[in-house]
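Residue numbers (the numbering used here), protein chains in the order written: chain A, 4 to 654; chain B, 12 to 437; chain C, 320 to 544.
The hints are simulated quantities; they were obtained by calculation from the structure and are not laboratory data.
Warning: the hint list may mix true and false statements.
What the hints assert, rightly or not - With the C-beta cut set under 7 angstroms, the calculated list includes, among others, these residues of chain C facing chain A:
| hint | residue |
| --- | --- |
| 1 | Leu368 |
| 2 | Leu376 |
| 3 | Ala381 |
| 4 | Arg398 |
| 5 | Thr400 |
| 6 | Met403 |
| 7 | Val404 |
| 8 | Leu407 |
| 9 | Ile408 |
| 10 | Val411 |
Every residue gets a Cβ at the ideal spot worked out from N, C-alpha and C, and that includes glycine.
Single-letter residue listing:
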Amino acid sequence: MTWNLMDKCCDKCWHTLEYPCRNYVRCRIEGPLCHDDPECRKKRENRIKEILYGRTGFKIKVPMASCTIAAGAEEVYKAVLDEVKSRGINADVTISGCMGMCYMDPWIELSKTDMPSAIYANVKPNEVSKIISEYLSGDVSNAYALRNRTGKAKGEDKVPLLEELPAWKNQIRWVSRNCGIVNPESIEEYIALGGYRGLDRALRMEPEEIIEEIKKAGLRGRGGAGFPTWLKWKIAREQPGDVKYVIMNADEGDPGAFMNRLLAESDPHRVLEGLIIAAYTIGASKGFIFVRAEKPLMAERLSKAVEQARKYGLLGKNILGRGFDFDVEVILSAGAFVCGEETALIAAIEGRTRPRQRPPYPATKGLWGKPTIINNVETLAHVATIMAEGWKKFASMGTEKTKGTKMFCVTGAVQRTGAYEVPVGTTIKKLVEEIAGGPGEGRRIKAVQIGGPSGGCVPANLLTTPIDYETLQKAGAIMGSGGIVVIDDKSCMVDVAKFFTSFTVAESCGKCFPCRIGMKILYDTLTRITEGKGREEDLEILRELGEIVRSASLCALGGTAPNPVLSTLRYFEDEYLAHVRDKKCPAKVCRNLVEYWINPEKCIGCGTCKQNCPSNAISGEPGKKHVIDVSKCIRCGQCFIVCPVGAVEKR
Amino acid sequence: MSLEVVERIDKVFGHLELKLVVDSGKVESKFTVTQDARFIEVVLEGRSYLEAPVIASRICGACSIAHFLASVNALENAMGVELPEDAMILKDAMNKAQIAQNNIVHLFFLALPDYYGLKTLGELLSKKPDLVKIGFKLNSLSLKAVDLLGGRIVNPNTYSVGGFRKDLARDRIEKVVKTLREAEDYAKQVLEKVIELELPELEDPAPNYVVVQSPQGYLNTSNNLYGSDGEVFLGIDYTKYIEEKIVEYSNSKAYYYKGKVFYVGSRARLNAYHERLLGYEDYISKILKESNNPFSNIKAKALEILYTIVDVRERLEEFLDKKPKLRTEFKVRAGEGVGVLEAPRGLLIHHYKVDNEGKITYANIITPTAFNSRHIEVSATKLGERVLEANGVDVGELQRKASMLIRAYDPCLPCAVHVTVLKSER
Amino acid sequence: MVKVIVNGKEVEVSEGSVVLDAIKKAGYSVPTLCFFKGVYNEAACRMCLVELPNGKLVPSCAYPVSDGLKITTDSERLRKTRRMVLELILAVHKMKCYQCARKGGFCLLLDFAKEFGVEGIPVCAECPLHGEDCLLVKGEPCLGFLTIAGCGSPCTREGTPCFGCRGPVTREDVIETAVKRFIEHGVDLRDLHSRMKLFWSSFPQFKHVFDLVLKYEKKYMGEKK
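In isolation and in its complexed conformation, chain A is listed as follows (with noise of 0.2 angstroms):
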C-alpha cells in the first residue's frame, strides 16, 4: 500500500483529528509545513506525480457517471480491465467523472509518458482492444481529440486538440473545471489538483471577509432565481441564535437539465467544500445535502465525499484547527419538482409535504424555525471556485449585472448534446448553434425552450438574446437552472406546450388553487386544442389563466408553470391559430389534425402498409397503388412507420 497524500508524511508531524493542522491543505502539496524534512517533500512530490500520471506512466481513465453508464461506460470499462489483464498491461486504470460533453459518451482517455494524452470518443466494448493496441504502437490517428501535443505520437497533426473542438473553445471551464479530470472518489486527487485551496482561505478570514469576497464576485444564485448569495448569507448571518443550517439543495428536476448531478458525480468536493465555506460563512454546525434517490450515485459520490472529508478533518470538530464545527447530513429526497421551491425543500426535510408562504423567508426563518440558507449545487461550486481563485477573475466574466460563468444544458435537435460551460451573457445563438453545433443539415431551429417546465420559449428570431435573468425575463423565459430544449420544425409548438404543463400539473403539490386547478385546466385547455376541438375562444382563457395562475399562485412552481403557454403563445401565436382555426398542425405532429396519404409517385405496392394497418383502412392490390381510407383511420402512424420507400405522407 503506498503512501496517501492524506495522511501524515511521518512522525515528526504531531497534528491529528484532535489536534488538528492549520495548514493541512497547503501541507498537503507544499509540505511538510510544520517540520522540514526533504525526504518527506519527494515524498509528496512523487505521489502527485503518480496521482496525476499513474504510477506506471500509462493511465487508461473510463468516465463513470450516470450518463456515460447510461451510454455503456461500465461495459466499456469492464473492456479495458479484460484487456489490461488479458494482455498483461502495465497500466492504471482509474475512474473520472463526466466532461459534460454527452455526444462522445462513452469515451476513454488513454495518456503515457511520451505520448500526448488521446481521448477516444463512442468507444464500443469491442473496439477497446484495437485502441490501447494502437496507442500503445505510437499512433493516434484515430482519436477524437488530444489534450496535448508531444510532436512524437503518429497522426498527432491530423486530430485536433480539445481546446480546438468547437464544442469545447467556446466554453470557460470554471467550476467544470474538474470534471472528466479528477476521479470523484478520490480526496486525495482533489487536492493534488488544488481542491480544498478556497476552504484554507476563507477559514483564515472573516465571515464578513467572506460575504465580501463573494459580494465582490458578484455571484447570484444559480438555482434559478438569480438571488444574489452574498446578501442571501447576510441576511442568514446577522439572524440571532445559534442554531444555523444550510442546506445544499442537489434535488435537481428540471427535466433537461443535469449539470448539477454531473457537478456533483464528477467533482463532488468542490460541492462540499463549498457548502462548508458556507456554513462557516452563516455560522451553522450542522448541514444537509439533499439529494434525489433517483440519482444514486450522485447520492453515494456525495456521501463518499461526505466520509472522506470527515475522515481526515474537514468535516468534523475544530475543522483546521479552526474552532469551526459543522457535520453534513445526505438526505435522500422521493424527488419533487416542487422541492426547488425553497420552503417546500424545507418542508420535506422537516417530514411535511408543501411549500408555504413567503415571506418570512428561509434566511430568517427556515428548518425547524431557524435561520436557514439554501445553495443549490453549481452556486456552492462556484463559491469553492471563487474562494479558491479569488473574486476577480469571477468578476471578470460575465455580464453587468450577473458575473461569472454558468451552466447549461443543451438537449434537444442539437448534434452536440451535452452541458456547456459559457460565461453569463452568452448569446443563444452561439451556445446552441456553435457549441452544441446546432440541429444540422436541412433542418431549422424553430425556438429554444430555457428553463425547464417553469421557463418558456424564445423563438428563433430572438435567438441573439444574450443569456442572462433580466434579458430572459424579458424574452418570457427564465434561466432556470439552465436547460436548454432546441426545438426545430419538427415540433409543434402547442405540443411542446402541453408536454411541459403536463409535468407541472402531474409535479404540483397541490396545495394553493390557482396551481393545483388552474394548471389542470390550462393542460385540458390544450388538449383540446391539439385534439382539434379548440376554440378560437380558447386562447383567450389560456391568455387570462396562465396570467391569473402566475400572479396568484403560492409558490414558484405556480409562478413559472404557465410560462411554457404563455411564452409559446406570445411567439407562436399563428400555430396556436392554425390549430384552432383551420383545425390543422403546421409541424404534423398533433395526431387527430393530420391526415395520412399514400404519395402514387412514390407507392411501389410492396402492401406492408396494408398489412400492418390495425383498422384496415388501406386497400390496394399487391404490385398496385394503395390508398386509404380516411374515414377507417385511426391515425396510429403505422404505415408511417413501416413504409419503405417513404409513400405514406402526412398532410
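Take the given structure of chain A and dock chains B and C to it, following the hints.
Coordinates of chains B and C only, in the frame set by chain A:
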C-alpha cells in the same frame, strides 16, 4: 278652435297616453295604453295547473298576489277543488295584506303629492316629512306582512292549487299579527289626514260598478259578481253581462256592463258594501259625501288600508289557538273555471279551460285597468268640460287635472294589454 | 407596533401580526376561505390576496406586516384574480350540494359566488330540505338541482318546488347528476321539460343545457330499462 292635449302620464305603473281633443267647447278624450303586448295568455296555454299561477303572478310585480290568487281560484273552480275554510280565510288574508300594501304605494308614491299641489314624493317629503315617514314605515310593515304570508314580497310561493304548501308556523302568524298591530296606528293617522283632503270637484258621468260579491264581511272572495244595479251573477257568466269592444287606438280593450260604462276599484267596493264596515261609520259618512266623485277613490283606498290591516290581524289572531287545515286533496280533471278577485285596483278575472292532465287549453285574463279604461275616458271628458267652463282653454290646468284624475284611478298598464289581431293574412 | 397603510389609511398593529389584522383594524375586509384564525393560515385558497405597491399579489392571511407596508385591498386586478380563483375552485368542486352538510345556505363558497357573480352552484346549496325532505324524493319536479343558487331558495323553504327562475347551471356533471336523480325518483320527464321551458326557453344560450338533459335522459332511461 281645436286643440289636442296629449299627456303621457307619469307616476303610474306602465305607459299610457291620454289625448284630449278640445274642439269648439266640446271635449273628446282617448285613453291609450302604449305598453307592448306580453302574450301571457298564450304562454299559459299548454302549461300545467301547477305552473299557471306562477306564470300569472309574473304579469305584474305590484299585484302579483292578486294574479296568483285569481289564477288559483280559476283553476280550483275548474277542477272542483273544495278548499277548507281556514285556507280560504288565509287566502283572503293574503289578498287583503296585498291590497293594503298596494294602496299605500299608490297613495304615497303616486297620488298624494297631487293633492298638496306638489309634483313628486321628494317634494312631499320636504313639505310633509312626518306624513311621508309614516308612509314609508307603513309600507315596510305591510310588505313584511305580505312577505310572511306569501313567502316573499312578490310572486308568492306558499300556495298552490289545493291549498297552502306547508302549515304556517305559529310564530310566523304571531309575527304577522305583531307587524299589523304596529301598523294599525299609522294607518289610522294616514286615514285621518287623507280624509280631510280637498278633492277637485267632478261628478261621475257613469256611476255604475261591478265588484266581487262578498258573501259576508268586506273584501272576501266568492265566485259571484255584484253589479251596481243590484244584480248578483256567477263569475263564469261574466261574458253575458260584460261585453268587450276592441279599441283601435289602444292596446287595451273597452268593457261595458250591460252596455253601460262602469268602474271598478276601491270606490266601487266601498259604494257596494259600505254598510258591512262596522266601526268605521264616521269615516264612511265623510267619504260617502263625495262618493260620486272619481277622485274619492283615494279616500276609499286610505280607508281600505286601515280596514284590511285590522281585519287581517283579527282573522289571524283566531289562528293562533288552533291547528288550521290548510290543504285538501283533489283530483286533476278537465273543466272550465273563472276566478274573480278583488285586486287592489278592482275586479280581476282569470278564465281557464283545463284538460284531463291539468294542462290549460284556454286562458283569458281581464284586469281592473282594462275595465276602468272606458270610465277614465268619460270622466276625463267631463273633467275637460269642467275645466273649460271654469278656466277657458288652459292647457296647463287641463294637463294637471287630467293626470291627477288618471292617477286617482291607479291604473296599472302592463297587465291591461291585450293584443287583438284584426286582420291576419298569410 | 408597526405602521401599515391600508388603502391609504394608516393603522398601527403589533409586530408579528399579519396583513389581515391590519386590514381588519383599518375597517376593510377581504374574502377569506381557508383561513381559520389560530388554526390554519397556510394561504392555500388565495382568496385573500392583496396587492403590494410593486404589483405583487400576496395573501393577507399569511403575509407578515412590516413598517410602512402599503397595501391595496381592492382593485380591478384583485377582483378579477379573486373571481378567477373562485371559478377555479368551483370548477373542481363536486357540486353534490344536495347531500352537503352545509345545507340551507351556510356555504362560504356560495357567499363568494354571489359576491363575485360566479355561477355554477345549484339551489340545493341553499335549500334546507335535504335527504328525506327533498321535494324531488317526494316526487315533485323541483328544478333546484339545475338552477343557479343565490335566491336563498325561498320557494323550497315554503315547500314549493323550484321553477328555475334564475336560469340553469351549465356544468355538464351537475346536469348529469340532476337528470340521474330525476329519473331515479320517477319524476315525469314531461313535467321536467315543461318546467325547464318556463323560464329558460327564451335564452338561445341555454340550448345546450336542454341538449345535455336530453342526452343524459336517454342514457339513464336506457339504464333503467
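(Q) Holds or violated: the hint that C/Leu407 contacts chain A, with Cβ atoms closer than 7 angstroms. (A) Holds - the Cβ of C/Leu407 comes within 7 angstroms of chain A, reaching about 4 angstroms at its closest.
Q. Was the hint right that C/Leu368 lines chain A, CB cutoff 7 angstroms?
A. Since the shortest Cβ distance to chain A is 6 angstroms, the answer is holds.
Q. How about C/Val404: closest beta carbon in chain A under 7 angstroms, or not?
A. holds, 6 angstroms
Q: May I ask you to test the interface hint for C/Met403 with respect to chain A, counting a Cβ-Cβ separation under 7 angstroms as satisfied?
A: holds, 4 angstroms
Q) Should the hint that C/Val411 touches chain A count as held when the rule is a Cβ pair under 7 angstroms? A) At about 5 angstroms, which falls below the 7 angstroms cut-off, the nearest Cβ of chain A leaves the hint on C/Val411 intact, so it holds.
(Q) Less than 7 angstroms between beta-carbons is the criterion; does C/Thr400 satisfy it with respect to chain A? (A) holds, 5 angstroms
Q: Grab the minimum C-beta distance from C/Leu376 to chain A and call the hint holds if it beats 7 angstroms, violated otherwise.
A: holds, 5 angstroms
Q: Go through the hint on C/Ile408 and say holds or violated, using the shortest Cβ distance to chain A against 7 angstroms.
A: holds, 5 angstroms
Q.
For the restraint on C/Ala381, tell me whether the closest CB of chain A is nearer than 7 angstroms.
A. Interface hint status for C/Ala381: holds (4 angstroms vs cutoff 7 angstroms).
Q) Does C/Arg398 pass the interface hint, meaning its C-beta sits closer than 7 angstroms to a C-beta of chain A? A) violated, 12 angstroms
Of the numbered hints listed earlier, the single one contradicted by the structure is hint 4.
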